[in-house]
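Here is what each chain is made of, one letter per residue.
Protein chains: 2
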Amino acid sequence: MSYEPDLSLEAMRRLCRRAGAKRVGRSAAMELAKVLEEVGVEIAREAIEYAMHAGRRTVRAKDVKAAYEKMYKSKRPYNIRT
Amino acid sequence: MSYEPDLSLEAMRRLCRRAGAKRVGRSAAMELAKVLEEVGVEIAREAIEYAMHAGRRTVRAKDVKAAYEKMYKSKRPYNIRT
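Protein chains in written order, with numbering that gives the first Met the number 0: chain A, 0 to 81; chain B, 0 to 81.
What the hints contain is simulated information worked out from the structure, not anything from laboratory work. Hints are not guaranteed to be accurate.
Pairs count within a copy or across copies, as identical chains cannot be separated in the list.
Pairs of lysine-lysine, DSSO-like flavour, derived with a Cα cap of 27 Å [what the hints assert, rightly or not]:
#, residue 1, residue 2
1, Lys-21, Lys-64
2, Lys-21, Lys-69
3, Lys-33, Lys-61
4, Lys-21, Lys-61
Using the sequences and the hints given, assemble the complete structure.
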């Protein structure tokens, strides 16, 4: 596979183990890296909007937090259904 | 700060730069690591369910993909609104 993830496969395996996985295939770790990168870039894009809106050129933690909460936290199926 | 992320701060900075950020504060990289770990563990948890349902003890790429699509892809505000 030519795809080289920004996130390390070892880190992906750790996340899966934290979730309770006993065995994690290499392709699964690769796929998790891919989707997390996608999510990460989307959150970052939104965070940049927040920073720009606040007249800053530096993205801060609060921008990332606000972006995440806007995009995923409140609209997640799990939260909607509870 | 005592929090030690599983994801490297350098990887988080790369994701932010891919999203178009010029400058990324250390605290922002830290926050992105934190939220991505949260998202990653949730996706992994769901992926484990899929693997178990298929009678496997090994999590595969297709489990991760299905978990991600179920949890985020179709219910995301951006997709709902387009």
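For each hint, the structure was consulted:
Taking the shortest Cα distances, Lys-21 and Lys-64 sit within 27 Å of each other only across copies (18 Å), while inside one copy they are farther apart (31 Å). When the C-alpha separation of Lys-21 and Lys-69 is checked against a cutoff of 27 Å, the pair qualifies only between copies, where the shortest distance is 22 Å, while the shortest distance within a copy is 33 Å. Taking identical chains as interchangeable, the C-alpha atoms of Lys-33 and Lys-61 lie at most 27 Å apart whether they share a chain (25 Å) or sit on different chains (12 Å). In the homo-oligomer, the alpha carbons of Lys-21 and Lys-61 lie at most 27 Å apart only across protomers (17 Å), although the nearest pairing inside one protomer, at 35 Å, exceeds that limit.
Figure legend: structure checked against the earlier numbered hints; every hint is met.
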